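Q: Chain E: place on chain L using the hints.
Protein chains: 2
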Amino acid sequence: MKQNISLEEAQEMLLANITLPEERQLPLIDALGKILSQDIVSQQNIPFFDRSPVDGYALLTSDTVTATSSQPVRLKVLEEIPAGYVAENKVTPGTTIKVMTGAPLPVGADVVVKYEEVDRQGDFVFLSKPLKFQENVVYAGEDVKQGEVVAKKGIVVSPALVGLLAGMGIASVPVYHPVKVGILSTGDELMSIGEALRPGKIYDSNRYTLQARCLALGLEPVMMGTVMDRKEQVADRIREGLKQADVFITTGGVSVGDYDVIQDALKEIDAEILFWKVDIKPGSPILAAMKDQKIIIGLSGNPVAALLTFDLLVVPLLKKMMGREKYLYSKIQGTMRDGFKKSSEKRRFLRARLMLEDGNTLVKLTGIQNNSALKSMMECNIFVDVPAGSGPLKPGDIVSAHVMGNIDYIDA
Amino acid sequence: MKQNISLEEAQEMLLANITLPEERQLPLIDALGKILSQDIVSQQNIPFFDRSPVDGYALLTSDTVTATSSQPVRLKVLEEIPAGYVAENKVTPGTTIKVMTGAPLPVGADVVVKYEEVDRQGDFVFLSKPLKFQENVVYAGEDVKQGEVVAKKGIVVSPALVGLLAGMGIASVPVYHPVKVGILSTGDELMSIGEALRPGKIYDSNRYTLQARCLALGLEPVMMGTVMDRKEQVADRIREGLKQADVFITTGGVSVGDYDVIQDALKEIDAEILFWKVDIKPGSPILAAMKDQKIIIGLSGNPVAALLTFDLLVVPLLKKMMGREKYLYSKIQGTMRDGFKKSSEKRRFLRARLMLEDGNTLVKLTGIQNNSALKSMMECNIFVDVPAGSGPLKPGDIVSAHVMGNIDYIDA
Numbered sequence: 000m001k002q003n004i005s006l007e008e009a010q011e012m013l014l015a016n017i018t019l020p021e022e023r024q025l026p027l028i029d030a031l032g033k034i035l036s037q038d039i040v041s042q043q044n045i046p047f048f049d050r051s052p053v054d055g056y057a058l059l060t061s062d063t064v065t066a067t068s069s070q071p072v073r074l075k076v077l078e079e080i081p082a083g084y085v086a087e088n089k090v091t092p093g094t095t096i097k098v099m100t101g102a103p104l105p106v107g108a109d110v111v112v113k114y115e116e117v118d119r120q121g122d123f124v125f126l127s128k129p130l131k132f133q134e135n136v137v138y139a140g141e142d143v144k145q146g147e148v149v150a151k152k153g154i155v156v157s158p159a160l161v162g163l164l165a166g167m168g169i170a171s172v173p174v175y176h177p178v179k180v181g182i183l184s185t186g187d188e189l190m191s192i193g194e195a196l197r198p199g200k201i202y203d204s205n206r207y208t209l210q211a212r213c214l215a216l217g218l219e220p221v222m223m224g225t226v227m228d229r230k231e232q233v234a235d236r237i238r239e240g241l242k243q244a245d246v247f248i249t250t251g252g253v254s255v256g257d258y259d260v261i262q263d264a265l266k267e268i269d270a271e272i273l274f275w276k277v278d279i280k281p282g283s284p285i286l287a288a289m290k291d292q293k294i295i296i297g298l299s300g301n302p303v304a305a306l307l308t309f310d311l312l313v314v315p316l317l318k319k320m321m322g323r324e325k326y327l328y329s330k331i332q333g334t335m336r337d338g339f340k341k342s343s344e345k346r347r348f349l350r351a352r353l354m355l356e357d358g359n360t361l362v363k364l365t366g367i368q369n370n371s372a373l374k375s376m377m378e379c380n381i382f383v384d385v386p387a388g389s390g391p392l393k394p395g396d397i398v399s400a401h402v403m404g405n406i407d408y409i410d411a
Numbered sequence: 000m001k002q003n004i005s006l007e008e009a010q011e012m013l014l015a016n017i018t019l020p021e022e023r024q025l026p027l028i029d030a031l032g033k034i035l036s037q038d039i040v041s042q043q044n045i046p047f048f049d050r051s052p053v054d055g056y057a058l059l060t061s062d063t064v065t066a067t068s069s070q071p072v073r074l075k076v077l078e079e080i081p082a083g084y085v086a087e088n089k090v091t092p093g094t095t096i097k098v099m100t101g102a103p104l105p106v107g108a109d110v111v112v113k114y115e116e117v118d119r120q121g122d123f124v125f126l127s128k129p130l131k132f133q134e135n136v137v138y139a140g141e142d143v144k145q146g147e148v149v150a151k152k153g154i155v156v157s158p159a160l161v162g163l164l165a166g167m168g169i170a171s172v173p174v175y176h177p178v179k180v181g182i183l184s185t186g187d188e189l190m191s192i193g194e195a196l197r198p199g200k201i202y203d204s205n206r207y208t209l210q211a212r213c214l215a216l217g218l219e220p221v222m223m224g225t226v227m228d229r230k231e232q233v234a235d236r237i238r239e240g241l242k243q244a245d246v247f248i249t250t251g252g253v254s255v256g257d258y259d260v261i262q263d264a265l266k267e268i269d270a271e272i273l274f275w276k277v278d279i280k281p282g283s284p285i286l287a288a289m290k291d292q293k294i295i296i297g298l299s300g301n302p303v304a305a306l307l308t309f310d311l312l313v314v315p316l317l318k319k320m321m322g323r324e325k326y327l328y329s330k331i332q333g334t335m336r337d338g339f340k341k342s343s344e345k346r347r348f349l350r351a352r353l354m355l356e357d358g359n360t361l362v363k364l365t366g367i368q369n370n371s372a373l374k375s376m377m378e379c380n381i382f383v384d385v386p387a388g389s390g391p392l393k394p395g396d397i398v399s400a401h402v403m404g405n406i407d408y409i410d411a
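From first to last, the protein sequence lines are chains L and E. What the first sequence shows, in numbering that gives the first Met the number 0, is residues 0 to 411, in sequence order. What the second sequence shows, in numbering that gives the first Met the number 0, is residues 0 to 411, in sequence order.
Chain L extracted, bound-state conformation (with noise of 0.2 Å):
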């Protein structure tokens, strides 16, 4: 068991021989939000054919090179053709068709011009100045191309991405199968809600955060319910846990407290203890293992600890774990709007929230830091990463940040 290790020594021993989940096909709107299992590879060109993008006239632009307005253009109207429908006649010189926007280029043409700038009467129309060559057209595979990649494995079905997709004729998608996440909340202190209080005792807030935090990210929460501080009862719940989730968390329990039974649960169950104790604040206490191949992470029970390194070290691991090619966070440097009074003698981490201003990137605190401030989580969408040894933050400071999952909107 490695000790007091860095975050990113631990998020590495996190990340480390993953199995990726069974594969599905789905009906293509029940597979928005799911993860990818296979490239996505165009069996043709979209658009499927030329055509045109306008209310016009198709015709051979040769035709119109001696146009002006002193002497226009005279073409024969063959036809005319609606969208979703295909010509009869092909344009040949002096003649045109009508096409509506959407329609097939009709054969011949090679350009479009729009209804409104020609002279129509009866069956002919009048141009009267000269087009340029595959104007008005839009090409066959113009947005895709046959064979072409167009989502990668990985990737977030988006709502652009079922659009597409469905543009393509393609009914069913190949996605993963969702990951099962046990939650367990252990404390001889916690009731759950809709209990009446009793005296020295709190509400266990914990799963509900993380359960939430879960079903936000697509994964499938598998509740343990909340258990008081006994190495047999926290076991029991764990072994249970594990035959239904691929991966269990815990709150509470991992200091170095008499009370303090995760440790001796996971020894209990036989279970591999990887580390203990990751070197940052708030949320050091930190307890990984590993059990038939399923990996069991030990959080604080401190409400903003809990979620602080759920979202820092787990989300990571959570997001490989469902298949998602992008898992780790990105990094961005940012402007202090205001100050930090506090000394970090630990590398310490910062709720914040990313603001856009003029151009620049702003960083703004979201309220006070102690650990039981759940509150400062609401608005977070960035954590300020302060190293080790840094003095007091000022106002101007450049600093950086991990970016969170959502950011549901910038503050402009």
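Note that these hints are calculated values from the structure, not bench results. Certain hints may be false.
Any copy, or any two copies together, can satisfy a pair, since identical chains are not distinguished.
In silico DSS-like pairs for lysine-lysine, Cα to Cα no more than 25 Å straight-line [claimed, not checked]: (1) Lys128 - Lys341; (2) Lys144 - Lys341; (3) Lys363 - Lys144; (4) Lys33 - Lys179; (5) Lys276 - Lys345; (6) Lys131 - Lys341; (7) Lys266 - Lys179; (8) Lys393 - Lys330; (9) Lys330 - Lys363; (10) Lys131 - Lys293; (11) Lys276 - Lys131; (12) Lys340 - Lys330; (13) Lys113 - Lys131; (14) Lys1 - Lys144; (15) Lys330 - Lys341; (16) Lys113 - Lys280; (17) Lys266 - Lys325; (18) Lys131 - Lys345; (19) Lys89 - Lys325; (20) Lys152 - Lys363; (21) Lys242 - Lys363; (22) Lys276 - Lys330; (23) Lys1 - Lys113; (24) Lys242 - Lys89.
The model shown is predicted, which means the values in this text are computed figures rather than measured ones.
A: Below, chain E without anything else, positioned relative to chain L:
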């Protein structure tokens, strides 16, 4: 009916006279992703009581004033309190109570010293230096004060909020009912995915794109299928859809061509046309109408134009209808990474991706910008707003952009 109006004027007309959805009370975890319909006011302090954030000894600061390593202060340990329990004794001069992380601060005590900083011998501990008043004590209400508004009506219930509310013992939450969005595709050229494509036809992608967009936004799509360009058929579907939906979106048939039947269909059902054509590119031929206090919006049939105008113009409407407090887009400034060769006679929106590099906001166009390229929407998280009358854009040019909905991650 207004014609050729600005995006802002169109937006304003749509946002006028919104009625908010009904409210309902949902179990906390089911409220995730929904919109709060009431401010949430805390009924108590969080934490509920003064507590120790460390394993240690609770005592009186005044007892430690004279403590030195040569003359340590000796205190009698009265009892030991795990988290979840309350001390039977009070701390009086000369005494201390051992407290575990999360335990309530015993009456009388005003400071906690970490257990590793004292010397324990039998029933006594020895302190060799003075302590700082209130150190290692988390006071009641430090995170949330009784009577404080912890979450405002109109925000999305996030995982952190779920956790915060759970910590307050809140088991159910008032949220708005989901808004129902009718979606109808029109066009003779459209076929359904799964069918074999006939000449001149294309697969209907808009219904899937919009359905997916609505689902991702937490809306309830009411799928009205695909219908040919026949006034009566379109009118029937809209009439039918309006019985179930709160707002209705069509794609196709809004241009000036002979087959553009939406306007006629809307007249057929006695809808009041609000405006036709918005002065932007792409997606100009947008039609908006009102029938029985319900808004009907006809978008272009072109996949890119449909999605772009849905995002730009319709999403703010839908967000406001959902009860979201923030429904307008943020605007940012950024630096063009690449150029854009075309001049823009009309106001033009370019699909792009926001990237943060060394503290700067860079704007990267997401592929070719013609109307057929739905692929360009996949990576898109901002729309660059190019004013009418602009020339080509050069790398390094400063542009302004609308930040679209969810930004999954920012490229660093």
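Q: Hint by hint, note whether the structure agrees.
A: Status of each hint after checking the structure:
In the homo-oligomer, the alpha carbons of Lys128 and Lys341 lie at most 25 Å apart only across protomers (22 Å), although the nearest pairing inside one protomer, at 74 Å, exceeds that limit. With identical chains, the CA atoms of Lys144 and Lys341 are at most 25 Å apart between copies only, with a shortest distance of 24 Å across copies and 57 Å within one. In this assembly of identical chains, Lys363 and Lys144 lie within 25 Å of each other by CA distance solely across copies; the values are 22 Å between and 45 Å within a copy. Taking CA atoms no more than 25 Å apart as the test, Lys33 paired with Lys179 passes in both settings, with 14 Å inside one copy and 23 Å between copies.
In this assembly of identical chains, Lys276 and Lys345 lie within 25 Å of each other by CA distance solely inside one copy; the values are 13 Å within and 59 Å between copies. With identical chains, the CA atoms of Lys131 and Lys341 are at most 25 Å apart between copies only, with a shortest distance of 16 Å across copies and 67 Å within one. Taking CA atoms no more than 25 Å apart as the test, Lys266 paired with Lys179 passes inside one copy only; the shortest distance there is 23 Å, against 52 Å between copies. In this assembly of identical chains, the alpha carbons of Lys393 and Lys330 lie at most 25 Å apart only when taken from the same copy (21 Å versus 27 Å across copies).
With identical chains, the CA atoms of Lys330 and Lys363 are at most 25 Å apart both within one copy (16 Å) and between copies (18 Å). Taking identical chains as interchangeable, the C-alpha atoms of Lys131 and Lys293 are never at most 25 Å apart, the minima being 64 Å within one chain and 45 Å between chains. Taking the closest pair of Cα atoms, Lys276 and Lys131 never come within 25 Å of each other, the shortest separation being 69 Å inside a single copy and 27 Å across copies. Proximity of Lys340 and Lys330 under a CA criterion of 25 Å is satisfied intra-copy only: 23 Å inside one chain copy versus 32 Å between copies.
In this homomeric assembly, Lys113 and Lys131 come within 25 Å of each other (Cα to Cα) only inside a single copy, at 12 Å, whereas the closest approach across copies is 82 Å. Taking the closest pair of Cα atoms, Lys1 and Lys144 never come within 25 Å of each other, the shortest separation being 51 Å inside a single copy and 41 Å across copies. Taking the shortest Cα distances, Lys330 and Lys341 sit within 25 Å of each other inside one copy (23 Å), while across copies they are farther apart (34 Å). Taking the shortest alpha-carbon separations for Lys113 and Lys280, only the inter-copy value of 16 Å comes in at or below 25 Å, while the best intra-copy value is 65 Å.
In the homo-oligomer, the alpha carbons of Lys266 and Lys325 never lie at most 25 Å apart, since the shortest distance is 34 Å inside one protomer and 50 Å across protomers. Taking CA atoms no more than 25 Å apart as the test, Lys131 paired with Lys345 passes between copies only; the shortest distance there is 21 Å, against 67 Å inside one copy. Within a single copy, Lys89 and Lys325 get their C-alpha atoms no closer than 50 Å, and across copies no closer than 54 Å, so neither meets the 25 Å cut-off. In this assembly of identical chains, the alpha carbons of Lys152 and Lys363 lie at most 25 Å apart only when taken from different copies (23 Å versus 36 Å within one copy).
Taking the shortest Cα distances, Lys242 and Lys363 never come within 25 Å of each other, neither inside one copy (43 Å) nor across copies (46 Å). For the homomeric pair Lys276 and Lys330, the shortest alpha-carbon distance inside one copy (23 Å) is at most 25 Å, but the shortest distance between copies (42 Å) is not. For the homomeric pair Lys1 and Lys113, the shortest alpha-carbon distance between copies (24 Å) is at most 25 Å, but the shortest distance inside one copy (72 Å) is not. When the C-alpha separation of Lys242 and Lys89 is checked against a cutoff of 25 Å, the pair qualifies neither within a copy, at 68 Å, nor between copies, at 47 Å.
In this structure, the earlier hints numbered 10, 11, 14, 17, 19, 21 and 24 are contradicted, and the remaining ones agree with it.
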